[in-house]
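Q: Chain residues, written in single-letter form:
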Amino acid sequence: MPPVLTCRGVRKEFGGQPVLADLDLTVAEHEVVALIGASGSGKSTLLRCVNLLEEIDDGVIELDGEDISDPRVDPDRVRRRIGMVFQSYNLFPHLSVLANITLAPRRVHRRDRAEAEAQARDLLARVGLADKADAYPDRLSGGQQQRVAIVRALANSPRLMLLDEITSALDPELVGEVLAMVRDLKADGMTMVLATHEMGFARDVADRVCFLDGGRVIEQGPPEQVLGEPVQPRTRQFLRRIIDAGRL
Amino acid sequence: MTLTAHVPSAVQRRRLAYRRRQTVRSVLVAAASTAVLGTLLVVAVTGAPGWDRVRRSFLDPTIARDALPDVLTGLWLNLRLLVCCAVGALLLGLLVALLRTLRGPVFFPVRALAAGYTYTFRGLPLIIVLYLLTLGVPGLRLAGTPSVLVLGALALIVTYGGYLAEVFRAGIESVHPSQFAAARSLGLTYRQAMRHVILPQAVRRVAPPLLNDVVALQKDVGLVSLAGPIDAVRAAQIATAESFNYTPYIVAGVLFVLLAIPLIAVTDWVTLRAARRAGR
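If you read the protein sequences in the order shown, they are chains A and B. Here our numbering runs 529 ahead of the position in the first sequence, where the first position is 1. Here our numbering runs 102 ahead of the position in the second sequence, where the first position is 1.
Treat the hints as calculated values from the structure; they're not laboratory data. One should not assume that every hint holds.
A few chain B residues that don't get close to chain A, going by computed Cβ distances all over 12 Å [claimed, not checked]:
id	residue
1	Leu161
2	Ala285
3	Ala295
4	Ala304
Label pairs and their in silico Cβ distance ranges [to be verified]:
id	chain 1	residue 1	chain 2	residue 2	range
5	A	Ala654	B	Arg117	44 to 50 Å
6	B	Val252	A	Ser686	50 to 56 Å
7	A	Ser686	B	Leu204	56 to 62 Å
8	B	Pro302	A	Ser686	23 to 29 Å
9	A	Asp596	B	Leu374	40 to 46 Å
10	A	Asp596	B	Ala214	23 to 29 Å
11	B	Leu174	A	Asp660	36 to 42 Å
12	A	Gly544	B	Gln124	42 to 48 Å
13	B	Ala362	A	Ala643	55 to 61 Å
14	A	Ala716	B	Phe210	47 to 53 Å
15	B	Arg378	A	Glu542	24 to 30 Å
16	A	Ala716	B	Leu197	47 to 53 Å
17	A	Gly705	B	Leu374	37 to 43 Å
18	B	Val252	A	Asp596	42 to 48 Å
Going by beta-carbon spacing under 7 Å, a handful of chain A positions derived as facing chain B [to be verified]:
id	residue
19	Phe543
20	Val602
21	Asp605
22	Arg608
23	Asn619
24	His623
25	Ala633
26	Arg636
27	Val637
We put the beta carbon where it would ideally sit given N, CA and C, even for glycine.
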């Protein structure tokens, strides 16, 4: 069985400046991979490239063995199999929570309204937001909005979830509820790639931690090893700065 | 749960009483200053040496009554034109705005055409467009040329469509790109993302300026009378020429203002609602 996601020699430049340079990454089914690294190390860019929101400048990205970086591939078809959650939630402010969640199932997967809403209410109930179904996003706390955004991505029954710094915009006391939800997803066997600044979370939920620097993965392994006994000097330096800042 | 009503403290009661007194005072001051200014205006106008002559030539009740039916008939034409032109211009504007925001090299000619249209028709004076369409087009003597009225309406639609297109485009571009990214990452196509995510937000944001342009259109529809059809202002002009009295113009003016009030009220209400939504 091929891995869910394979990146080989991925390169991405912005204005001639390489952000990803010859990056390799493989993610097996049910695996949770945490991408760590300084701001600008390419974590978010990688996730956006995998979701085809950015065009890569070299290399190959495969989803379930299919080359999705081929320009002949229909990006909409690929994105239906990938769920993405953003740092800034990006809920649609003009739609209720329920309408946010059912938009893609109804318009993309052509499910009928009653069925899509039943599924959405079920998912909301599971994360304790059943009473918010008819509320509008601006009436929710940041943590609630981010949980709705995760539910919205899950409603597509994705093969792979990409979580882009999903707790970075949250107040510290709201981070927990979102992380608990990700932990539940892992328990359900969801394959995930997450970019994060929360080292504690990476250690807690990830099967593998990848340290990105200068646009490539320079160290990867089990969280205890990468976060506890890093081999690369750059990784050590990064972790020391994090510890000094009181984030680990 | 037993919830007893909160009893304001003595401090709070004093504050409330003070605020009530302030409100009463504000109302009294506003009423007094309005009365003074109103009286001054009335005295200044009616006390002017030429007031009697002006009153006779602008505010003659008999002439107003005689001119009213013709002016109302003209106003009915204004109203019908307004509805058709507003709908036409809004649709045209939306279409052009969507074409201008299309990406991809295939659409270059469409984009260029749409941009050229907004540049041309926002620059070209309405009167010239009217003359070109209502006098120039029939001059071609083509079979099936529509009536002058329809051509005049078309002139208004293409002119106002140019303005409205830019308002719509500003609205579309004001929606943050992350909304588009979120929609696309859910698997929605470009069209679906536009239709369900971007446009609803864009239109809500630009509803006040759109309605403002419709209010302006309401006054400009009368310009079709330059090509022949008799609108309210033209009817007033004819009545004025018959009686050598300007009262019909005042009649038409009052009717225009009455017609505009509901539209302006709707605009204000929409603006207020948008502001409240943004602020909550």
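Q: Give a verdict on every hint.
A: Each hint tested on the structure:
1. Listed as a non-interface residue, leucine 161 of chain B keeps its Cβ farther than 12 Å from every Cβ of chain A; the least gap is roughly 50 Å.
2. Listed as outside the interface, alanine 285 of chain B is inconsistent with that label: its C-beta sits roughly 8 Å from the nearest C-beta of chain A, within the 12 Å cut-off.
3. Non-interface call for alanine 295 of chain B relative to chain A: violated, since the shortest CB-CB distance, roughly 9 Å, does not exceed 12 Å.
4. The beta carbon of alanine 304 of chain B is not kept farther than 12 Å from every beta carbon of chain A, the shortest such distance being approximately 10 Å.
5. Distance hint check: the CB atoms of alanine 654 of chain A and arginine 117 of chain B are about 46 Å apart, consistent with the given range 44 to 50 Å.
6. At about 53 Å, the CB distance of valine 252 of chain B to serine 686 of chain A agrees with the hint of 50 to 56 Å.
7. For serine 686 of chain A and leucine 204 of chain B, the Cβ-Cβ distance of about 31 Å falls outside the hinted range of 56 to 62 Å, so the restraint is violated.
8. Judged by the Cβ atoms, the range 23 to 29 Å given for proline 302 of chain B and serine 686 of chain A holds: they are separated by roughly 26 Å.
9. Evaluation of the 40 to 46 Å hint for aspartate 596 of chain A and leucine 374 of chain B yields a failure: the beta carbon distance comes to about 53 Å.
10. Roughly 35 Å separates the CB atoms of aspartate 596 of chain A and alanine 214 of chain B, a value that falls outside the hinted 23 to 29 Å.
11. In this structure, leucine 174 of chain B and aspartate 660 of chain A break the distance hint of 36 to 42 Å, their C-beta atoms being roughly 56 Å apart.
12. Between glycine 544 of chain A and glutamine 124 of chain B the beta carbon distance is about 59 Å. The supplied range of 42 to 48 Å is therefore violated.
13. Take alanine 362 of chain B and alanine 643 of chain A: their Cβ atoms lie about 46 Å apart, and the range 55 to 61 Å is violated.
14. In this structure the supplied range 47 to 53 Å holds for alanine 716 of chain A paired with phenylalanine 210 of chain B, their Cβ-Cβ distance being about 51 Å.
15. Taking 24 to 30 Å as the suggested C-beta distance range, the pair arginine 378 of chain B and glutamate 542 of chain A does not conform, at roughly 45 Å.
16. Look at alanine 716 of chain A against leucine 197 of chain B: about 50 Å separates their beta carbons, and that is inside 47 to 53 Å.
17. Checked against the given bound of 37 to 43 Å, the beta carbons of glycine 705 of chain A and leucine 374 of chain B, roughly 39 Å apart, stay inside it.
18. In this structure, valine 252 of chain B and aspartate 596 of chain A break the distance hint of 42 to 48 Å, their C-beta atoms being roughly 56 Å apart.
19. Because the beta carbon of phenylalanine 543 of chain A sits about 15 Å from the nearest beta carbon in chain B, more than 7 Å, this interface hint is broken.
20. Annotation: interface hint on valine 602 of chain A violated; nearest CB of chain B at approximately 13 Å, more than 7 Å.
21. Checking aspartate 605 of chain A against chain B: minimum C-beta separation of about 5 Å stays under 7 Å; hint holds.
22. This hint holds: arginine 608 of chain A has a C-beta 5 Å from the nearest C-beta of chain B, less than the 7 Å allowed.
23. A hinted interface residue such as asparagine 619 of chain A counts as satisfied when its beta carbon comes closer than 7 Å to some beta carbon of chain B; here the least separation is about 4 Å, so the hint holds.
24. Proximity of histidine 623 of chain A to chain B holds as hinted, the smallest CB-CB distance being about 5 Å (cut-off 7 Å).
25. Given hint, alanine 633 of chain A at the interface with chain B, holds; its Cβ is 4 Å from that chain's nearest Cβ, closer than 7 Å.
26. Interface restraint check: arginine 636 of chain A against chain B, minimum CB-CB distance 5 Å, threshold 7 Å, status holds.
27. Given hint, valine 637 of chain A at the interface with chain B, holds; its Cβ is 4 Å from that chain's nearest Cβ, closer than 7 Å.
Hint compliance for this structure: hints 2, 3, 4, 7, 9, 10, 11, 12, 13, 15, 18, 19, 20 are broken, all remaining hints hold.
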